[in-house]
Amino acid sequence: MDIRVDTDACVGCGLCVKDCPMHVYELQNNVSVPVRPNNCMGCLSCHEICPAQALEHRGIYAARRHYIDIKVCEMLKKVI
Amino acid sequence: MSAGYIDELHDSFRSDLVYRSEDIPLECSPKPKEMEQTLHGVMKLNGLVIRSLEEIAGRGANAVTYRAGKKFGHEVAKYFQKREDVEGALHELSDLLRGQYSFEVWKPEDKETFIIEENGETFIYLVFHDCIVRQTLRRNGLEQGGPLCQTLFGYVVGAIEEITGRKAKLEIVHTGPNACLKKLVLK
Amino acid sequence: MKIAIEELAGCSGCTIAVLDLHEMILDLVADADIVYSPVIMDAKEPPEGIDIAFVTGAVRNEENHERLEKIRKRAKVLVALGTCACYGGISGLSMLSSNEDLFSCVYREVETAKPGGVIPTDVPPFLYRAFAVGDLAKVDYYVTGCPPKEAFLTKIIPAMVAGDTLELSRKSVCAECDRIMGPVDNWTLKRRHEGIPDREHCLLGQGYLCLGSVTFGRCGAACPKNNIPCHGCNGPSLDILREPCRDIYGMMVRRISDLTDKSQKEVEKELYDVAHTMYAFTIGSLIMEDKESSKIRDLVKERSR
Numbered sequence: 001m002d003i004r005v006d007t008d009a010c011v012g013c014g015l016c017v018k019d020c021p022m023h024v025y026e027l028q029n030n031v032s033v034p035v036r037p038n039n040c041m042g043c044l045s046c047h048e049i050c051p052a053q054a055l056e057h058r059g060i061y062a063a064r065r066h067y068i069d070i071k072v073c074e075m076l077k078k079v080i
Numbered sequence: 001m002s003a004g005y006i007d008e009l010h011d012s013f014r015s016d017l018v019y020r021s022e023d024i025p026l027e028c029s030p031k032p033k034e035m036e037q038t039l040h041g042v043m044k045l046n047g048l049v050i051r052s053l054e055e056i057a058g059r060g061a062n063a064v065t066y067r068a069g070k071k072f073g074h075e076v077a078k079y080f081q082k083r084e085d086v087e088g089a090l091h092e093l094s095d096l097l098r099g100q101y102s103f104e105v106w107k108p109e110d111k112e113t114f115i116i117e118e119n120g121e122t123f124i125y126l127v128f129h130d131c132i133v134r135q136t137l138r139r140n141g142l143e144q145g146g147p148l149c150q151t152l153f154g155y156v157v158g159a160i161e162e163i164t165g166r167k168a169k170l171e172i173v174h175t176g177p178n179a180c181l182k183k184l185v186l187k
Numbered sequence: 001m002k003i004a005i006e007e008l009a010g011c012s013g014c015t016i017a018v019l020d021l022h023e024m025i026l027d028l029v030a031d032a033d034i035v036y037s038p039v040i041m042d043a044k045e046p047p048e049g050i051d052i053a054f055v056t057g058a059v060r061n062e063e064n065h066e067r068l069e070k071i072r073k074r075a076k077v078l079v080a081l082g083t084c085a086c087y088g089g090i091s092g093l094s095m096l097s098s099n100e101d102l103f104s105c106v107y108r109e110v111e112t113a114k115p116g117g118v119i120p121t122d123v124p125p126f127l128y129r130a131f132a133v134g135d136l137a138k139v140d141y142y143v144t145g146c147p148p149k150e151a152f153l154t155k156i157i158p159a160m161v162a163g164d165t166l167e168l169s170r171k172s173v174c175a176e177c178d179r180i181m182g183p184v185d186n187w188t189l190k191r192r193h194e195g196i197p198d199r200e201h202c203l204l205g206q207g208y209l210c211l212g213s214v215t216f217g218r219c220g221a222a223c224p225k226n227n228i229p230c231h232g233c234n235g236p237s238l239d240i241l242r243e244p245c246r247d248i249y250g251m252m253v254r255r256i257s258d259l260t261d262k263s264q265k266e267v268e269k270e271l272y273d274v275a276h277t278m279y280a281f282t283i284g285s286l287i288m289e290d291k292e293s294s295k296i297r298d299l300v301k302e303r304s305r
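Residue numbers (my numbering), protein chains in the order written: chain D, 1 to 80; chain G, 1 to 187; chain A, 1 to 305.
FYI, nobody ran anything at the bench for these hints, they're computed from the structure.
Wrong hints could be hidden among the right ones.
Claimed, not checked - In silico EDC-like links for lysine to aspartate or glutamate, alpha-carbon gap of 20 Å or less:
| hint | chain 1 | residue 1 | chain 2 | residue 2 |
| --- | --- | --- | --- | --- |
| 1 | A | Lys225 | D | Glu74 |
| 2 | D | Lys71 | A | Asp51 |
| 3 | G | Lys44 | A | Asp164 |
| 4 | D | Lys78 | A | Asp164 |
| 5 | D | Lys71 | A | Asp258 |
| 6 | A | Lys225 | A | Asp178 |
| 7 | G | Lys33 | A | Asp178 |
| 8 | G | Lys71 | G | Glu55 |
| 9 | D | Lys78 | A | Asp101 |
| 10 | D | Lys18 | A | Asp261 |
| 11 | G | Lys33 | A | Asp135 |
| 12 | D | Lys77 | A | Glu109 |
| 13 | A | Lys262 | D | Asp69 |
| 14 | A | Lys76 | A | Asp51 |
| 15 | A | Lys76 | A | Glu23 |
| 16 | A | Lys295 | G | Glu34 |
| 17 | A | Lys265 | G | Glu36 |
| 18 | D | Lys18 | A | Asp101 |
| 19 | G | Lys33 | A | Asp164 |
| 20 | G | Lys44 | A | Asp290 |
| 21 | A | Lys138 | D | Asp69 |
| 22 | G | Lys169 | G | Glu109 |
| 23 | G | Lys31 | D | Asp19 |
| 24 | A | Lys301 | A | Asp51 |
| 25 | A | Lys265 | G | Glu112 |
| 26 | D | Lys18 | A | Asp185 |
| 27 | A | Lys138 | A | Asp122 |
| 28 | D | Lys77 | A | Asp164 |
| 29 | G | Lys33 | D | Glu74 |
| 30 | D | Lys71 | G | Glu143 |
| 31 | G | Lys183 | D | Asp19 |
If you're wondering where the values come from, they're calculated on a predicted model, not measured in any experiment.
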């Protein structure tokens, strides 16, 4: 798994460190570092808890999200 | 309600259509927007049923949903070829479930095999990717890991029992918006 | 190229934000004619054949609704400009009072109302609630901000006029904030007037109700950088907007709880005036109200009685 952290965005709150059951992240010098990316199973609960949306997972399977309204989906695409 | 509105309402349910039972359904590929209304209605209703069940039955809700899932699992796996190996059974199950649920066996990098023995327990990690339960819960703002997840637990356990004859238990390790990690404990 | 700016229920600050392009406005008017804008020019009605119409403000009364429909018909592209147009904004807070109370406040109770003055009968009646522009008309682009900040508009308005697209960050205010979390000990909620926040560390971690994590960026985290907690004027961050189970209030409670190890119930007890502290800019939006975990419905019901 290729996990990247936007170090400018990361506020070093450590919520991803706390949240991940597989200990993928560690806090180093107030920035989250993915130290065990191969332990990531791609649940993305870290994305949900990150206040700065600083995390990026590449090469991941994106689960279906049919529960998002078409109306909301369209609005999301139009926010610039 | 004004008379004009009632007429309009009546008109909206009248047409010149010739309706024959052999031609039904009239449309096989409805528009996504129409499908969405049905889908959201079902999700919404399911969420409300689960919420009400939890309110009335408390922790008993889990038992009900688990039982429902287990019945479903037994029923579906009944027609499967019986086999000994759990991994094979899981493989068949994943083919069967695809569409509603998709999962894979998974292991942390420090483990050699998918069947893990730890603290006197034998288990396999399963990562569930697509999941109609998760979608329903997120649609309704319900916590993941609650009673509705028990249907899936029952389902997997029931199917594994039916195919391999082995007793098993499914535990939730972690939930997320994109996948959930579960532990299939073999007995 | 013809541009129009329509005013609905708002403060006209978004139009002023367009004027805040400063000398760049000369480049803009070289490429495009501003054919209609009640705040900055005298044209009374929008002409036909508008290329880009910016609509500012929420829809609160029948006149707003009519004007929105008219400009939608006459414009090729309609842009919801500012948080009122996108999410109801401050105008949406009017839903916390009944329509009768609003009317009586404006015409009788404010200091400038003459005692015994005539109550006008020919003003446009209120709709039953506030709406965001997108709730009632097809919108082509949403530009949030109260008002959208100059640095942001200088990028997007010329690009829109030129028909270009550009990639901008779509992250939350926290992503633009230069603070770090720092230690979170003995967390209790502080009102803004209590103490002076430490400039290095996260305002939320210090106990101030900063909505940065649930708020869409594009402001360069202007308030937190000036020691003021974010109050969410850019509207919700995109993850909040997207997920039916995520809501400004719920996510704030969860984050505070995760940061402080206090239970969500304990955190909820410390929060005050949720309508104004959490939903000040989104209360008029149907999309935000429709979320299952949203408190907007209850707040409106409770207060507007």
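Results of checking the hints against the structure:
no.	hint	in the structure
1	A:Lys225 x D:Glu74	violated, 32 Å
2	D:Lys71 x A:Asp51	violated, 24 Å
3	G:Lys44 x A:Asp164	violated, 40 Å
4	D:Lys78 x A:Asp164	holds, 14 Å
5	D:Lys71 x A:Asp258	violated, 31 Å
6	A:Lys225 x A:Asp178	holds, 7 Å
7	G:Lys33 x A:Asp178	violated, 43 Å
8	G:Lys71 x G:Glu55	violated, 23 Å
9	D:Lys78 x A:Asp101	violated, 36 Å
10	D:Lys18 x A:Asp261	holds, 11 Å
11	G:Lys33 x A:Asp135	holds, 17 Å
12	D:Lys77 x A:Glu109	violated, 43 Å
13	A:Lys262 x D:Asp69	violated, 33 Å
14	A:Lys76 x A:Asp51	holds, 5 Å
15	A:Lys76 x A:Glu23	violated, 27 Å
16	A:Lys295 x G:Glu34	violated, 28 Å
17	A:Lys265 x G:Glu36	violated, 35 Å
18	D:Lys18 x A:Asp101	violated, 48 Å
19	G:Lys33 x A:Asp164	violated, 30 Å
20	G:Lys44 x A:Asp290	holds, 12 Å
21	A:Lys138 x D:Asp69	holds, 16 Å
22	G:Lys169 x G:Glu109	violated, 24 Å
23	G:Lys31 x D:Asp19	violated, 40 Å
24	A:Lys301 x A:Asp51	violated, 40 Å
25	A:Lys265 x G:Glu112	violated, 42 Å
26	D:Lys18 x A:Asp185	holds, 16 Å
27	A:Lys138 x A:Asp122	violated, 29 Å
28	D:Lys77 x A:Asp164	holds, 16 Å
29	G:Lys33 x D:Glu74	holds, 12 Å
30	D:Lys71 x G:Glu143	violated, 24 Å
31	G:Lys183 x D:Asp19	holds, 18 Å
Figure legend: structure checked against the earlier numbered hints; hints not met, in rising order: 1, 2, 3, 5, 7, 8, 9, 12, 13, 15, 16, 17, 18, 19, 22, 23, 24, 25, 27 and 30.
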